[in-house]
Amino acid sequence: MRPRDAAVETHGPTDVHPTAVIDPDAELGTGVRVGPWAIIGPRVQIGDGTEIGPRVLIEKDTTVGEGCWLANGAVLGTDPQDLKYQGEPSTLTIGDRTVVREFATLNRGTSASGSTVVGTDCLLMAYSHVAHDCELGNHVVLANSVNMGGHVVIEDWVIVGGLTPIHQFVRIGAHAFVGGGSRVPQDIPPYCRAAGNRPKLYGLNAIGLERRGFSVEVRKALKRAYRLLFQSEENLSTALLRAEREVEPIPEVKHLLQFIQSSERGITT
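Here the UniProt record's numbering is used: the sequence shown runs in plain steps of one and ends on residue 269.
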């Protein structure tokens with residue numbers, strides 16, 4: 001995350017460079033800084049203390065939370081890249097303290113959901129693309145050049161390595177880790193590590209879970225569920241039934257099982 005100076009941290013006066021273009025219908029909070037040649041269009045709301053770098057474009061109908069940083073050349077709130085889109089109203093929403101790095105692009109939603117949503121405390125690195133109707137949770141990290149199709153759902157605390165395309169309608173479960181250079185055409189279960197083209201699972205995201213304070217008991221239960229689901233000789237449907245019977249039904253295990261059961265694109269194994 002970029003260091004903030006005291007003026008931004010304490011929400012000092014709003015500072016707009018004279019070359020920036022701000023639509024009369026845009027709303028800027030306290031302590032917002034807008035760099036040279038930035039363009040902020042109609043019905044854009046910018047939260048307190050957010051910094052907008054040089055040549056950033058926020059086209060329209062976009063809400064950016066407090067304490068965000070939009071780096072040089074980022075493009076937000078543009079029309080969805082969907083041939084079915086006919087100009088219907090749609091939005092983009094970005095949560096507090098999210099960082100959007102250089103030349104990342106984030107489209108608004110379509111009539112399917114009406115909105116593209118990025119949560120709080122996310123980091124979207126350079127040249128990443130968040131397509132129409134995507135939903136990103138909190139604390140998501142997209143490394144450089146991660147490119148998402150429409151309607152992708154990424155849950156909280158997911159990390160996706162660079163140069164990874166994600167197929168439309170794919171879901172990536174909470175606390176998952178996806179290696180760089182992967183190609184993701186199917187859902188990736190929560191708490192797991194995946195990599196490759198086409199991806200395979202490589203166990204639980206054990207280091208990530210430990211760093212985030214998951215107890216030994218929770219990690220043991222998830223490991224037992226993982227072994228039943230992905231390392232037994234049974235098919236996934238049968239393994240799900242066994243896991244429901246044999247693994248302690250703590251919330252994390254329930255989430256893992258429900259995620260798999262609700263998959264429409266199939267599960268990476």
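Careful: at least some of the hints might be erroneous.
Stated by the list, open to error - Pairs of lysine to aspartate or glutamate, EDC-like flavour, derived with a Cα cap of 16 Å:
id, residue 1, residue 2
1, 220, 246
2, 223, 246
3, 254, 210
4, 223, 248
5, 220, 210
6, 223, 210
7, 84, 102
8, 84, 96
9, 220, 248
If you're looking for bench data, these hints aren't it; they were derived computationally from the structure.
Hints, verified against the model:
Restraint check for residue 220 and residue 246: satisfied, since their Cα atoms lie roughly 13 Å apart, inside the 16 Å limit. The straight-line distance between the Cα atoms of residue 223 and residue 246 is roughly 12 Å, inside the 16 Å bound, and the hint therefore holds. About 19 Å separates the Cα atoms of residue 254 and residue 210, which puts this hinted pair outside 16 Å; it is violated. With a CA separation close to 11 Å, the supplied pair residue 223 and residue 248 stays within the 16 Å bound.
For the hint pairing residue 220 with residue 210, the CA-to-CA distance comes to about 11 Å; that is within 16 Å, so the pair holds. Among the hinted pairs, residue 223 with residue 210 is consistent with the structure: their alpha-carbon atoms are about 13 Å apart, no more than 16 Å. A threshold of 16 Å between alpha carbons decides the hint, and for residue 84 with residue 102 the separation of about 29 Å lies outside it, so the pair is violated. In summary, the hint linking residue 84 to residue 96 is not supported, as the alpha carbons are separated by about 31 Å, beyond the 16 Å threshold.
Pair hint residue 220 plus residue 248 holds up; C-alpha atoms about 10 Å apart against a cutoff of 16 Å.
The structure shown violates the earlier hints numbered 3, 7 and 8.
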